[in-house]
Amino acid sequence: MFANTGDISPLLANIYLHYVLDLWARQWRQRHARGDVIVVRYADDSVVGFRTQWQAQQFLVRLQERLARFGLSLNASKTRLIEFGRFAARNRRKRGLGKPETFDFLGFTHCCSSNRSGGFQILRLTVKKRMRATLLAIRDELKRRRHEPIRAQGQWLTRVVSGYFNYHAVPGNLIRLGGFRLAVCRLWRQALKRRSQRNRLQWSRYGRLADLYIPRPRNAHPYPEDRFASHTRGRSRMR
Numbered sequence: 001m002f003a004n005t006g007d008i009s010p011l012l013a014n015i016y017l018h019y020v021l022d023l024w025a026r027q028w029r030q031r032h033a034r035g036d037v038i039v040v041r042y043a044d045d046s047v048v049g050f051r052t053q054w055q056a057q058q059f060l061v062r063l064q065e066r067l068a069r070f071g072l073s074l075n076a077s078k079t080r081l082i083e084f085g086r087f088a089a090r091n092r093r094k095r096g097l098g099k100p101e102t103f104d105f106l107g108f109t110h111c112c113s114s115n116r117s118g119g120f121q122i123l124r125l126t127v128k129k130r131m132r133a134t135l136l137a138i139r140d141e142l143k144r145r146r147h148e149p150i151r152a153q154g155q156w157l158t159r160v161v162s163g164y165f166n167y168h169a170v171p172g173n174l175i176r177l178g179g180f181r182l183a184v185c186r187l188w189r190q191a192l193k194r195r196s197q198r199n200r201l202q203w204s205r206y207g208r209l210a211d212l213y214i215p216r217p218r219n220a221h222p223y224p225e226d227r228f229a230s231h232t233r234g235r236s237r238m239r
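Final position of the sequence shown in UniProt numbering is 239; the numbers increase by one with none missing.
The reader is advised that the hints may include incorrect statements.
Stated by the list, open to error - Pair ranges (Cβ atoms, derived): (1) 24 with 179: 33 to 43 Å; (2) 57 with 207: 47 to 57 Å; (3) 220 with 189: 23 to 33 Å; (4) 216 with 36: 30 to 40 Å; (5) 31 with 78: 18 to 28 Å.
What the hints assert, rightly or not - Result set (DSSO-like, lysine-lysine): computed pairs, CA atoms no more than 27 Å apart in a straight line: (6) 99 with 78; (7) 99 with 129; (8) 143 with 128; (9) 78 with 143; (10) 128 with 78.
Quick caveat, the hints were computed from the structure, so don't treat them as lab data.
Keep in mind the model is a prediction, meaning the values are calculated, not measured.
We put the beta carbon where it would ideally sit given N, CA and C, even for glycine.
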């Protein structure tokens with residue numbers, strides 16, 4: 001959310017924002033808020049949730065004033081007030097509006113959704129733009145490793161894909177991660193084909209290689225309220 005933090009290290013910036021934002025937001029919540037207030041911050045990106053639009057607007061005004069005192073400002077391209085949460089879809093339908101807006105945070109697109117029993121659920125999907133960037137980086141690295149032994153390439157892909165899944169494998173995101181795995185499989189097959197035009201790699205053999213080295217996605221994390229403390233009672237949690 002923030003711009004103009006200057007040429008300081010991420011650690012110092014985090015300490016600085018803890019004073020400028022976290023402690024101040026906690027005091028504001030205790031003095032002025034009505035109902036639950038959610039504050040989640042990672043480095044210089046933050047998400048703040050309120051019960052009412054009026055409170056959100058008041059907080060935004062006060063936050064801008066607070067930041068200005070320290071020579072900081074909000075990044076206008078990333079700062080938005082959106083209607084999101086348990087009742088957002090229903091309230092928007094009553095007003096003749098479309099689906100609730102989404103927002104990107106920590107590599108995920110957060111969406112209003114429902115579970116199998118019809119209850120509200122936050123759906124988190126890997127941000128498409130970031131996923132494409134990761135696939136392009138894998139493609140370029142496979143080109144660089146083209147003449148390495150297949151086993152070495154496979155072991156490298158195992159580490160890369162496993163690391164990607166360890167972060168992104170959350171409930172509701174497995175279909176998108178399945179698409180990511182399929183794209184990685186295709187990139188590797190193309191790289192193997194190009195390094196030897198004479199010896200074409202048959203799909204059956206490649207399928208065995210993919211099953212051996214490229215893991216399939218499985219849920220690695222719980223739902224948002226467990227992992228990110230998405231809703232709190234009685235006090236604000238600062239991240």
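Agreement of residue 143 and residue 128 with the hint, judged by alpha carbon distance not exceeding 27 Å: holds (23 Å)
Is 18 to 28 Å right for how far apart the beta carbons of residue 31 and residue 78 are? Given a distance of about 27 Å, which is inside 18 to 28 Å, the answer is holds.
Is the Cα-Cα distance between residue 99 and residue 129 27 Å or less? holds (21 Å)
Distance restraint hint 30 to 40 Å, applied to the beta-carbon atoms of residue 216 and residue 36: This hint holds: roughly 38 Å between Cβ atoms.
Just to be careful, I want the Cα atoms of residue 99 and residue 78 compared with a cutoff of 27 Å; is the pair within it? Distance ~20 Å between residue 99 and residue 78 Cα, so the pair holds.
The hint says 33 to 43 Å between residue 24 and residue 179; measuring C-beta to C-beta, is that right? holds (42 Å)
Below or equal to 27 Å on CA atoms is what counts here, so check residue 78 against residue 143. violated (35 Å)
Are residue 220 and residue 189 spaced within 23 to 33 Å by their CB atoms? holds (26 Å)
Verify the proposed pairing of residue 128 with residue 78, using a straight-line Cα cut of 27 Å. holds (17 Å)
Could one say that the CB atoms of residue 57 and residue 207 fall in the range 47 to 57 Å? holds (55 Å)
Hint check: a violation occurs at hint 9 only; the rest are consistent with the structure.
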